[in-house]
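Those protein sequence lines, which keep their order, are chains A and B. Residue numbering for the first sequence follows my numbering, beginning at 1 and increasing consecutively. Residue numbering for the second sequence follows my numbering, beginning at 1001 and increasing consecutively.
One thing to keep in mind: the hints can contain errors.
What the hints assert, rightly or not - On the chain A side, residues computed to face chain B include the following (Cβ under 7 Å):
1. P21
2. H22
3. G41
4. E44
5. G45
6. D55
7. P58
8. I59
9. N60
10. L63
11. S133
12. G134
Said to hold, decoys possible - Straight-line Cα separation of at most 25 Å, SDA-like style, residue types lysine to any residue; simulated pairs:
13. K39/A / P1005/B
14. K121/A / E1081/B
15. K121/A / P1005/B
16. K39/A / Y1002/B
17. K86/A / S151/A
18. K39/A / Q1087/B
19. K39/A / M1001/B
20. K121/A / A1084/B
21. K39/A / A1189/B
22. K39/A / R1188/B
23. K121/A / P1094/B
24. K39/A / S1004/B
25. K121/A / Q1087/B
I should point out that these hints are in silico values taken from the structure, not numbers from a laboratory. Where a beta carbon is used, it is the ideal one built from N, C-alpha and C, also for glycine.
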Amino acid sequence: MNRMRLEFELNGRHITTWVLPHETLLQVLRDEAGATDVKYGCGEGVCGTCTILLDGDPINACLTFGVQAAGRSITTLRGLGGNAGKMHPLQRSFLDHGGAQCGFCTPGMLLAAFAMSQEGKALSREQIRDGLSGNLCRCTGYTKIVDAVYSNLVGDGREAD
Amino acid sequence: MYPSPFEYESPSSVDEALGLLERYGDDAKVLAGGQSLIPMMNLRLLRPRVLVDVNALDGGVPRVDNGTLTIPAFTRQRTVERSALVQEHCPILPDAIHYIGNVRVRNRGTIGGNLAHADPSSELSCAALALGGYVNVAGPKGTRSVQLRNLFVSYLTTSLDPAELIMDLSVPVIGSDTGWAFLEMARRAGEFAIANVACLMSVDPVGGECTGVSLVLGGVSDTPLDVSGQAEELLVGRKPFGQTFDDVARRAQDASDPRDDVHASAEYRRKVVRIYARRALELAYRRAQDSDGL
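For reference, chain A alone in the conformation it holds in the complex:
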């Protein structure tokens, strides 16, 4: 079986690598592109842990093959704050509200929340819960996560400069 050349953009950086077709995007991002901020949770697409943004839309990295990302733009958690390594206001909000404990679900939660905030609609707590359904957390009980997202969206919701 031959490896295929794969090129894509990751958090603004151009990536060139060689992959086998059956390698999932999750595997390629973690093993070939150094994006260990993307975590493996279930492999079935129900937990949201491996959430990444593909051309701005949240998808399950475990349910996409690496080869399907050719020529596309991928954003992971590290891309949220911009390359200067600053924190995005959503991340600050999670810190302020205690929205993370072990942190394993956090990259997925933040990217899901970010995607929601990009829709530009004012959201109620109920709508935030609905939008985050499919991102599972075993530690926090979700309340502080919803607090953090709500505070960010109802606050100013602007992106980091």
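Given chain A, put chain B in place with the hints provided.
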């Protein structure tokens, strides 16, 4: 849990895709959204030798012509969920689609892929069947139309030939005298349904009698279960009231034939489908009256 190796083909035209499917036959699976296929591959329930990736094929956008809404098969579920055109002409579809998995799944999952997967609790299949829809299918011998009631044969099984591709879904638009409802019961958000129900009901704007009804049940058989005939017998030509809906719901329950599984017993599913069928009938009727201005 990762998939086993496969040959990867990425055709750039429908003809090329069909040629590949014909060539590989049962060895190949179509990769569209992959949101049902890839989990099964990750769990090693499926180990196709070849994947034919159809994501490069462009089917166009949803459109309405002469009272029919046509949605290309490669359209992402999320696109249909948020489409103003679909919301205006066929609002039961965005409602049903919202229950599919989660937003990530819907960003990749396609209309055609969902129908071709033929899950008996598929929300889209249930709603589209209630609408009386059909799919256009392309194959080595040309294109043909398949009514949805003839598409779903059994559990995860369609009447399609392995070398055929669903090209689009067509459904009639919902008229102004027709109400609709899609309801689903699942214990966790995004889970496979324990039972779901799609209902459309037309009500005469003057007299208030039911002039037509369709009722489809999901999750209680090995395909979406169309009990419209039984609903029509009790409802058409009459002005319905609570007891009528109860009677129809009881018939729906009697027609159901679910299995026991880890999520729910057959008995529980039958109880749930009766309650949800009644609620769907009531809601569709209320919506029909609202749009009639009654």
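We went through each hint and held it up to the structure:
The criterion of a C-beta within 7 Å of any C-beta in chain B is met by P21/A, whose closest approach is roughly 3 Å, and the hint holds. Given hint, H22/A at the interface with chain B, holds; its Cβ is 5 Å from that chain's nearest Cβ, closer than 7 Å. Given hint, G41/A at the interface with chain B, is violated; its Cβ is 11 Å from that chain's nearest Cβ, farther than 7 Å. A cut of 7 Å between beta carbons decides the hint on E44/A: the least distance to chain B is about 4 Å, and the hint holds.
Interface hint at G45/A: satisfied, since its Cβ lies 6 Å from the closest Cβ of chain B, which is below the 7 Å cut-off. Taken as an interface hint, D55/A does not check out: its beta carbon lies about 10 Å from the nearest beta carbon of chain B, beyond 7 Å. Here the hint on P58/A is kept, as its CB sits about 5 Å from the closest CB of chain B, short of 7 Å. Below 7 Å, beta-carbon pairs count as interface contacts, and I59/A has one with chain B at about 5 Å; its hint therefore holds.
Proximity of N60/A to chain B holds as hinted, the smallest CB-CB distance being about 5 Å (cut-off 7 Å). A least Cβ separation of about 4 Å between L63/A and chain B falls short of the 7 Å threshold, and the interface hint therefore holds. Annotation: interface hint on S133/A holds; nearest CB of chain B at approximately 4 Å, less than 7 Å. Nearest Cβ of chain B to the Cβ of G134/A: about 3 Å, under the 7 Å cut. The hint holds.
At most 25 Å may separate the alpha-carbon atoms for a hinted pair to count; K39/A and P1005/B meet this at roughly 22 Å. Our distance criterion of 25 Å between C-alpha atoms is met by K121/A and E1081/B, whose separation comes to about 16 Å. Simply put, K121/A and P1005/B have alpha-carbon atoms about 43 Å apart, too far for the 25 Å limit, and the pair is violated. Distance check on the hinted pair: K39/A and Y1002/B sit about 14 Å apart at the alpha-carbon level, within 25 Å; holds.
Taking the CA atoms of K86/A and S151/A, the gap is about 19 Å. The hint holds against a cut of 25 Å. Using a Cα cut-off of 25 Å, the hinted pair K39/A and Q1087/B is violated, with the two alpha carbons roughly 36 Å apart. The hinted pair formed by K39/A and M1001/B meets the criterion: a straight-line CA distance of about 13 Å does not exceed 25 Å. Restraint check for K121/A and A1084/B: the C-alpha separation of about 16 Å stays at or below 25 Å, so the hint holds.
Annotation: proposed proximity of K39/A to A1189/B holds, straight-line Cα distance about 22 Å (limit 25 Å). Taking the CA atoms of K39/A and R1188/B, the gap is near 22 Å; set against the 25 Å cutoff, the hint holds. Proposed proximity of K121/A and P1094/B is supported: the alpha carbons are some 18 Å apart, at most 25 Å. Between K39/A and S1004/B the CA atoms are separated by roughly 21 Å; this keeps the pair inside 25 Å, and the hint holds.
For the hint linking K121/A to Q1087/B, the alpha-carbon distance of about 18 Å falls within 25 Å, and the restraint holds.
Of the hints listed earlier, those the structure fails to meet are numbers 3, 6, 15 and 18, in rising order.
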